[in-house]
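Engineer: Turn these sequences into a full structure, and let the hints steer you where they fit.
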Amino acid sequence: MDLQPIWNWFRTLHDTTGINLTIFYDSFDRARFFNGFLTSVRLMAVCIICSVIIGVIGAWIQGSRLRMLRLTTQGYIQFFRNTPPLVQLYFFYFAVGAYLRVSAGNGLSTPLVSNFTWAAICLSFWAGAFNVEIFRSGIEAVPRETLEAAESLGYSRLKAYVYVILPLAFRISLPALNNNLVNLIKTTTIAYAIAVPEMLYIANQIWSDELNVPEMMNVLLLIYVGLVGVLVLIMTRLERALRVPGYMP
Amino acid sequence: MATWTPDQPLVEMRDVHKAFGALEVLKGISLNVMKREVICIIGPSGSGKSTLLRCVNALVPIDSGSILVEGQEVNDPRLDKLALRRKVGMVFQQYNLFPHRTALDNIMMAPIHVLKRDKAEVEEQARALIRKVRLEGKEQSYPGELSGGQQQRIAIARSLAMNPDIMLFDEVTAALDPETVKDVLLTIRQLTEEGMTCVIVTHEMGFAREVADRVYFTDRGILVEHGPPKEFFANPRDPRTRQFLDQIL
Amino acid sequence: MTTAKSTDLPVLLAVRKPEPSSSGGFRLSLWHGFVLAAALLLSVAAADAAAGPAVASIPATIWKWTPLIAQGFALNIAISFLAMAIGTVAGVPLGLAQISLLPPIRTSSWFVTQFFRNSPWLVLLFYCMLLLPFQIQIGGTTIPLPGWFKSTIGLSLPVMANVSELVRGAVLSIPYGQWEAAESLAYTRRQTLWHIILPQCVKRITPPWMNLYAILTTSTPLCAVVGVNEAMTLTGNILNAEGRTDLLIPMYLYLLTWFFLYCYPIARATLALETRFQVR
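So the sequences go chain by chain: A, B and C.
Sequential numbering from 137 applies to the first sequence in my numbering.
Sequential numbering from 421 applies to the second sequence in my numbering.
Sequential numbering from 286 applies to the third sequence in my numbering.
These are computed hints drawn from the structure, not numbers from a lab.
Please note that the accuracy of each hint is not assured.
Stated by the list, open to error - On the chain B side, residues computed to face chain C include the following (Cβ under 8 Å):
hint: 1; residue: Leu-502
hint: 2; residue: Arg-506
hint: 3; residue: Ala-530
What the hints assert, rightly or not - Chain A is faced by these chain C residues, among others (derived, beta-carbon under 7 Å):
hint: 4; residue: Asn-403
hint: 5; residue: Leu-407
hint: 6; residue: Val-408
hint: 7; residue: Tyr-412
hint: 8; residue: Leu-415
hint: 9; residue: Leu-416
hint: 10; residue: Pro-506
hint: 11; residue: Leu-507
hint: 12; residue: Val-510
hint: 13; residue: Thr-530
hint: 14; residue: Leu-533
hint: 15; residue: Ile-534
hint: 16; residue: Tyr-537
hint: 17; residue: Leu-541
Where a beta carbon is used, it is the ideal one built from N, C-alpha and C, also for glycine.
Structural biologist: Here is the structure:
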């Protein structure tokens, strides 16, 4: 499929109106912006998956009997929730990262963990901290009587959770989870600060070269709003598919 | 606008139809209420009783037919809703008191804000109304501090403060427990004895038998039968009426 | 149109928000402060022990730079106040416009709200920093727009959108019976909103609004990325000036402590208000 006519249209757009969208008609800019887009999407996907897993594990631990375990998890949650994510990122990348260097054999040391990985780790734990609370509240919102009913029918505690409580808790958590994942997507832009080559960073390079700041900013805004829209669409479909008829608002 | 005289019906409903989407709730209701008359409407749930009341004071617009209140057509788009609602008072099943104001304020608010009456005069009337519903001492209480029956009596007082010509009661005792039901019914009976025109939707058959001048039975949007309470309850003519009365009495 | 009866049977309870605030509010408590302080002291002691005697001690260095950090932090707070004020003043009418009876107003305000809610804060900051002029002409006077002011505008945009959603949610959460009762007492729509609906909304909005302020405050370091000289930038500059790797962890922990000390009383106050304003 030859897309050259489309790119040419953008070149004519520039010639006639002055709107300079090199990311379309210039193959070099097009390639690097597309890579930036892919990096962003990759970062978002990794963070979404990891943060949900962290949330589930954390919520499970919160129900544990071991007080020390509960307190440590609480400590993790409160640290990541009450401090600015950007400062957390700097803390991990610059401060902790300074100590995690290995010598590369040529006398210089290179960081053990790449900046993309630090961004993924930091953002996953940040969003995961909120998810733990969300899932825990979801579990708590299921009335105790439901668990009692399940147990009186002969379900073991574990089976009752798996077959009765967790399906309900998950449905209850969906709206708040949706909200949190949207925030996560928006916050991935802070990876810019540690030079992860995601969309904002690449866009910055492009507008420094091509001097087309307004066009790039508008494109960025539209793409991000679009990505959030896609996520919200998926989550809404999920909510609707899992809906309990006659009860859930 | 025809001039209305007290020998004509206060409320005249002719062939009123109302549908919510595909569901037809009122299928041609015709009914007259004379001044000083007390009408009780009974019937199974979903028969359109509440909708009927809400059409009279224009909370719900009708699809076809006509409703005349004191000679004025309610369905008229040029209707002065303010004037209509001054004449028609309504008390709801869920009381709907304004929780952020005291009982006295609840009664005083509308006459001051809507009728622009003098504050001192309104306060005097409000206190008299509180005495009338036997709730002296509760003027400064908030609705949240009052029992259901007390709240309902304040709601009645609130509607009375507007000096209406007719009072509509929408299953006002349905949400109360049996002990407090009597208090509220006593208040309503007092009103009827003072000559207030009332349309009462209720499940309390004993009460209907005592205060009503006429009892109407609705079923699935149609007025099936009506008559003075003695005849109505002793010899219901229509088999649907008989079936309904057998179920409740 | 019948009203639904509430039941006290233990059926699935209504979807409760995760915590009594709409964005999954946090619970700062004193022991977090202790943990943070402990971490700080530990790192300082460790770094100090590792450092040689010829180098200045870490606590002394941190103390030396504290006035500068305080200055930077004051800018963070100023930005957060201003952005919150502007965002709230713009957001309340926007939220009310979302429940307007006129479809064009409703749709356009919904659109504006969703657009700014779904945009990353950093991108909005860039947008405002780069595309707002550096000075504007009003009448005959030229008013310069400094960088920190432009980034304040940038931060006030998502605040406006969030406040708009808060207001809309609060108004919609008032039971329909209140509207019915007001209507049957011949209140006009404007009167109903002003006397009955909005007063009841104030209590509902206050805790999530304060929560939003706390989130905003922890987002002010984003301004560092666009070049504003606030606490985070200054911390970076200090670390560059000192050039000591052993200062990195204590310095960043110190910065985190500043934010904690500011956000903790707000979190406590929010919690107190939530319990006091519990909606019955």
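Engineer: Does each hint hold? Answer for all of them.
Structural biologist: How the hints compare with the structure:
Annotation: Leu-502 (chain B) was flagged as interfacial toward chain C, and the flag holds, the nearest CB pair being 5 Å apart, inside 8 Å. The closest approach between the C-beta of Arg-506 (chain B) and any C-beta of chain C is roughly 6 Å, which is under the 8 Å cut-off, so the hint is satisfied. A cut of 8 Å between beta carbons decides the hint on Ala-530 (chain B): the least distance to chain C is about 4 Å, and the hint holds. A distance limit of 7 Å between C-beta atoms decides the matter here; for Asn-403 (chain C) the minimum to chain A is near 4 Å, and the interface restraint holds.
For Leu-407 (chain C), the suggested interface contact is upheld, since its CB lies about 4 Å from the closest CB of chain A, less than 7 Å. Because the smallest distance between the Cβ of Val-408 (chain C) and any Cβ of chain A comes to about 5 Å, under 7 Å, the interface hint for this residue holds. Annotation: interface hint on Tyr-412 (chain C) holds; nearest CB of chain A at approximately 5 Å, less than 7 Å. A distance limit of 7 Å between C-beta atoms decides the matter here; for Leu-415 (chain C) the minimum to chain A is near 5 Å, and the interface restraint holds.
For the restraint placing Leu-416 (chain C) at the interface with chain A, the shortest Cβ-Cβ distance is roughly 6 Å, inside the 7 Å limit, so the hint holds. The interface hint given for Pro-506 (chain C) holds, since its Cβ lies 5 Å from the closest Cβ of chain A, which is under the 7 Å cut-off. Below 7 Å, beta-carbon pairs count as interface contacts, and Leu-507 (chain C) has one with chain A at about 6 Å; its hint therefore holds. The beta carbon of Val-510 (chain C) is positioned within 7 Å of a beta carbon in chain A (closest approach about 5 Å), and the interface hint is therefore held.
The beta carbon of Thr-530 (chain C) is positioned within 7 Å of a beta carbon in chain A (closest approach about 5 Å), and the interface hint is therefore held. Annotation: interface hint on Leu-533 (chain C) holds; nearest CB of chain A at approximately 4 Å, less than 7 Å. Interface restraint check for Ile-534 (chain C): the shortest CB-CB distance to chain A comes to about 4 Å, inside 7 Å, so the restraint holds. The beta carbon of Tyr-537 (chain C) is positioned within 7 Å of a beta carbon in chain A (closest approach about 4 Å), and the interface hint is therefore held.
Interface restraint check: Leu-541 (chain C) against chain A, minimum CB-CB distance 5 Å, threshold 7 Å, status holds.
Violated hints for the displayed structure: none, as all numbered hints are satisfied.
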